Amino acid sequence: MSNAAIDRDDRLINIDILGALRRRKWIGLAIGVLGVTATVTIVKSWPATYQSTATILIEEPDVPADLVKSTVSTFANDRLQVIQQRVMTSQHLNEIIDRFGLYPEEQKTMPRSALINKMRSQVELEVVSANLSGQQQQRRQQPQASIAFTLSFSSEDPNVAQQVANRLTDLYLAENDRTRQEKAAGTTQFLGEQAHKLYADVQALEKRLLDLRSKYNGSLPEQFAMNTQLLNQAQAQLMQLRSEQQILTDKKSYLQSQLGTISPYTPMTSNGRPATPQAQLMDLELQYSDLSGRYGAKHPDVVRLQRQIEVLRKQIGGVDTRALDQAKFSTLQAQLNEAMQRYGEKHPDVQRLRRQLDEAKAQMDAAPAPSITAPSGPPDNPMYLQLQNQLADADSQLRGINERASALEANIADLQKRILQTPTVEAEYSSLQSQHQLALQRYQNFKDKEADAQVAETMEQQSKGETFSVIEPPQYPDVPESPNRRLLMLVGVFMTGMLAAAAMVAIDMLDPRIYEPKSLMVAFGEMPLATVPYIRTSDEMRGRRLRMIGVASVAAILMAGLLVFGF
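Residues 760 to 1326, numbered by the numbering used here, are exactly what the sequence shown covers, in order.
Think of the hints as simulated: they come from the structure by calculation, not from any bench.
Just so it is clear, the structure is predicted and the values come from calculations on it, not from any experiment.
Warning: the hint list may mix true and false statements.
Claimed, not checked - Derived lysine-lysine pairs resembling DSSO-like cross-links, with alpha carbons at most 27 Å apart:
{"hint": "1", "residue 1": "Lys1010", "residue 2": "Lys1120"}
{"hint": "2", "residue 1": "Lys942", "residue 2": "Lys966"}
{"hint": "3", "residue 1": "Lys1120", "residue 2": "Lys1073"}
{"hint": "4", "residue 1": "Lys956", "residue 2": "Lys1206"}
{"hint": "5", "residue 1": "Lys1011", "residue 2": "Lys1120"}
{"hint": "6", "residue 1": "Lys1105", "residue 2": "Lys1011"}
{"hint": "7", "residue 1": "Lys877", "residue 2": "Lys803"}
{"hint": "8", "residue 1": "Lys966", "residue 2": "Lys1176"}
{"hint": "9", "residue 1": "Lys1010", "residue 2": "Lys1105"}
{"hint": "10", "residue 1": "Lys1120", "residue 2": "Lys1057"}
{"hint": "11", "residue 1": "Lys1208", "residue 2": "Lys966"}
{"hint": "12", "residue 1": "Lys1105", "residue 2": "Lys1120"}
{"hint": "13", "residue 1": "Lys1176", "residue 2": "Lys974"}
{"hint": "14", "residue 1": "Lys1206", "residue 2": "Lys942"}
{"hint": "15", "residue 1": "Lys956", "residue 2": "Lys966"}
{"hint": "16", "residue 1": "Lys966", "residue 2": "Lys1206"}
{"hint": "17", "residue 1": "Lys942", "residue 2": "Lys956"}
{"hint": "18", "residue 1": "Lys942", "residue 2": "Lys1208"}
{"hint": "19", "residue 1": "Lys867", "residue 2": "Lys877"}
Given these sequences and hints, build the entire structure.
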């Protein structure tokens, strides 16, 4: 390190600040006067900015939320951000600039976009919020609810600041009402469209259900119990008819057999036997045909009947056997028809009766011409006529029972078909019914929501929901909002003093002359033996007084000028 550098470091360490300030006081005074003059000039020439502020309260809905729920569910702070973006558009700001003649000088040189950005910077929005919950442990989780906000505009003209703030306030209020009404109307429209679509789905499902009901009518799941009950009833009725049919069939067979043993023209004895030998012979012939078919020709009863027939024939002599054979043939034919209905073609009784019928027909064909003619004409035997009427009645009842039985059989077959088809239909039917119920429920939910949305829309149209109300309109700003001239003055004076002190110390450090004894100690390493004070001459004293007078005069002139400029 060089000696010059060492000397400079020593001077920095051993500088006499108070001595430097005392020696360079005129320089500091000049700098102070110039600095204060510049500070006062700048502060006084700085244009004033006036700010007009409106306070807007966010009021709660007039109708409680538990009675009518609003469709505008966003927080007021979020809605304010949206409103601010819509109000602070270029269209609105251009309209305000042209309406109030803002920035007349800047419009000559600045582009329109720069003017709009400048106006945006002069608009201030400050939100006043509060916690939704008063509980301390939940304050970190609960969002902030906006209860009011302030809207301000700054301008160099206080009238313009108040007018623009009023216009912005009107725009915010109108935009809030329009936004809430549009959102409520949009919600109502959306719910209405969705309800219409869901109603179309419900109608489509109802049509499919109707088509399915029409296609499978009688086999639907809800008809299964009724079909089962009807089937049981029909089967019970059929069993009853079968029983009645059997009774009538037996009665018919009995009547036919009785009718075959009674002569249509011969009176009966008291015990019901034929009274004439011809009638007795006819009765024996029928019995013989029946018993021989059952037991054979060698059966004792058959042999006995054969002897009786032979004896009776000898007593009578010639008899018309054709009538006997015809009655026997008719009786066998009726028995054969009954047996076929009851047992079928291959039953032994049917085969036996068929053989007897063939033998009777062969016997009728081989019978000789009658020597005695049987009575002719309509029957006149009361017993025969009674049996004939009973047989006809039995035939009529049997035909009715057969028709009813056929109808019941067809009905039973149809019910069985429906019951068997029900499980196949049930899956599709249940699925469609479930879809219809869900679609109907969704449609009803949306219709309820649409009704609530319509009420909420009416509430917004009548301004019964959350509204903005001006509790303090923009006032005429009497006092400028900026600049803070007192603070600027204080800062300017303080900075001027610091600058003057720094300048005095710096100039004194650059001066190579020695003014203090300790400087000799630093320069030469030894203290002087004695110090002689500086003796001023009369010329120097006179020059010093002149300089002081000049400086004081300049300071007085500058202070007077500042006072005149300021007031």
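Hints, one by one, checked against the model:
Taken as a hint, the Lys1010 and Lys1120 pair is honoured in the structure, with Cα atoms around 26 Å apart against an allowance of 27 Å. Straight-line distance between C-alpha atoms of Lys942 and Lys966 comes to about 36 Å, which puts the hinted pair past the 27 Å bound. As the CA atoms of Lys1120 and Lys1073 are separated by approximately 24 Å, the hinted pair is consistent with the 27 Å bound. The straight-line distance between the Cα atoms of Lys956 and Lys1206 is roughly 11 Å, inside the 27 Å bound, and the hint therefore holds.
About 23 Å separates the Cα atoms of Lys1011 and Lys1120, which keeps this hinted pair within 27 Å; it holds. Only pairs whose Cα atoms come within 27 Å are accepted, and Lys1105 paired with Lys1011 is accepted, the gap being roughly 22 Å. Distance hint between Lys877 and Lys803 is fulfilled; the C-alpha atoms sit about 24 Å from each other, no more than 27 Å. Taking the CA atoms of Lys966 and Lys1176, the gap is near 25 Å; set against the 27 Å cutoff, the hint holds.
Simply put, Lys1010 and Lys1105 have alpha-carbon atoms about 24 Å apart, close enough for the 27 Å limit, and the pair holds. Between the alpha carbons of Lys1120 and Lys1057 the distance comes to roughly 23 Å, so the proposed pair stays at or under 27 Å and holds. With a CA separation close to 26 Å, the supplied pair Lys1208 and Lys966 stays within the 27 Å bound. Between Lys1105 and Lys1120, the direct Cα distance comes to roughly 21 Å. Compliance with the 27 Å bound is thereby established for this hinted pair.
Distance restraint check for Lys1176 and Lys974: the Cα-Cα separation of roughly 14 Å lies within the 27 Å cut-off, and the hinted pair is therefore satisfied. For the hint pairing Lys1206 with Lys942, the CA-to-CA distance comes to about 18 Å; that is within 27 Å, so the pair holds. This hinted pair checks out: Lys956 and Lys966 have alpha carbons roughly 15 Å apart, not beyond 27 Å. A threshold of 27 Å between alpha carbons decides the hint, and for Lys966 with Lys1206 the separation of about 21 Å falls inside it, so the pair holds.
Restraint check: the Cα-Cα separation between Lys942 and Lys956 comes to about 21 Å, which is no more than 27 Å; the hinted pair holds. With a CA separation close to 15 Å, the supplied pair Lys942 and Lys1208 stays within the 27 Å bound. Between the alpha carbons of Lys867 and Lys877 the distance comes to roughly 15 Å, so the proposed pair stays at or under 27 Å and holds.
Violated hint for the displayed structure: number 2, the only one.
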